[in-house]
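Given the coordinates of chain A, assemble chain B onto it according to the supplied hints.
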Amino acid sequence: MELAAVSFGQSLAQQVVSGIASGAVYASLALALVLIYRAMDVANFAQGEMAMFATFVAYTLITQFHLSFFAAFALTVVIAFAGGFAIERVMIRPFEGSSVLTLVIVTLGLFSIINGLAGLIWGYVFKTFSGPFSTNSIQFSGVYLGIQDLGVIAVTLVVLSLVFALFRFTKLGLAMRAAALYPESSRLLGVRTSRMLALGWGLSASVGAVSGMMIAPIVYLDPNMMQSVLLFAFAAAVLGGIESPLGAVVGGVMVGVLLALVGTYIPGGQNLRTPFALLVIVAVLLFRPAGLFGRIEAKRV
Amino acid sequence: MALLELADVEASYGPIKALHGVSAYVDKGSIVALLGANGAGKTTTLRAISGAVKTTGRITFDGRDITNNRPAEVTRLGIGHVPEGRGTLAQLTVSENLRMGAYIRSDRNGVKQDLDRVMGYFPWIKDRRNQVAALLSGGEQQMLAIARALMLRPKVLLLDEPSLGLAPIVVREIFRIVEAINREQNLTVFIVEQNASLALQVAQRAYVMEVGRIVLEGPSEQLARDESVRKSYLGY
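In order, the protein sequence lines correspond to chains A and B. According to the numbering used here, the first sequence is numbered sequentially starting from 1. According to the numbering used here, the second sequence is numbered sequentially starting from 1.
No lab work stands behind these hints, which were simulated from the structure alone. Please note: incorrect hints may appear among the correct ones.
Straight-line C-alpha distance at most 25 Å; calculated DMTMM-like pairs for lysine to aspartate or glutamate [said to hold, decoys possible]:
#1 171(A) - 73(B)
#2 171(A) - 107(B)
#3 28(B) - 84(B)
One chain only, chain A, in its complex shape:
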């Protein structure tokens, strides 16, 4: 690749695209956070670790069972769903109706358990996780676009569209929304809200697993790989409005692009990404607590 002739505009365009790709990963994890937050008003601190664990499962399917990436991907999404469902039944259900703080502590406990379990099974040595996409670039009017970046964006788009279609067009999705927003009314309509919550955890684990499998080829695979991603996802969710799935996605892309630009154009910016994510969280909470897409509940009597 020739580096000499890259203009500012071309470099900017490249950074934006690569930012959108990382943003797509943050968006998936942020959406996973929002799905659970909406259902129980709790930030699931174990979300990143659940995604990490799922990515290790995919890694095992590929390296030990010699599945193709996409076969492993699909199987992992299903396994993650079952795992999320089981976690809710076993770890969360006994605390249904407990205070938010209790549930937060439970998710922190889950964080440690999953992290330790992954370390125990797969060890703490960094592993390479090869993705399905070529690491080459394609040139598009002078702009070099990473094929991997474009692939990540495409896969994320497909997954997010499926999630939105589920919520928008199916009876189950409608019931999950209703159960999350209005549990009491929903029960009076015959919705088994506790089961919906478990399904929500399953779905959220699946969406999170996608983010893990998409970021793993870019970073290395290790039990702590999702921790900074989780922070960026929190920034994305808060920016978009912690109760808004669409906001999570838009917020994810914005955070991704912002961090890419910070990393490129601010001297030493690579190390400033985490503080910048925190800055986003603080600024949003200070100036627009509902986020970009959050709504202030309007009530009429």
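What follows is chain B alone, placed relative to chain A:
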């Protein structure tokens, strides 16, 4: 025979007892009113039927003991509960609210028929199906809540204070529709109200509650003539 029957039902919120042995019955096809002041235990009585509050005693519906069944299961047996405050799924559209009403049903054609029937009673819904329910007026939300419960094709409708916070003309309209539905669909209705005069006009029988107990019961005309009812609830 009574479709719904409560025998010596007690319920508490923590240490505070809200129902001290309530017994009542609702005959098939009838409208029965439960009257009383704020805090008398009317809402708790309905919540006990739906299983939203733990109870002792015995509640039977359609010959089946439903005491302390979970709300979702009670609903699935055919009890449509329009809760206090209407339970509007405010962020969802009007049409999604109605679809949620039919959530437990899988007979698509029947649901479609019921949707048409419900729109017959509430014609304004047709033009506002795609609006978010939060944008409806209070009266419209109350009507939507009733329409949503009808989509369940319930055997009995539990109505919790449909008049709450609404203009008298709207309240009269809602009662007129409830009466029409009862007459035309032979739907059993158990209605909780503070507005005693209207409730006594539509109901065949009524109960009066005070601090967790039934203190009076009888045919509506008889209660309407009762001096204590007149003084306390009818205001003349």
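Here is what the structure says about each hint:
Proximity of residue 171(A) to residue 73(B) is assessed by CA-CA distance (about 19 Å); at most 25 Å being required, the pair is judged to hold. The hinted pair formed by residue 171(A) and residue 107(B) meets the criterion: a straight-line CA distance of about 13 Å does not exceed 25 Å. This hinted pair checks out: residue 28(B) and residue 84(B) have alpha carbons roughly 23 Å apart, not beyond 25 Å.
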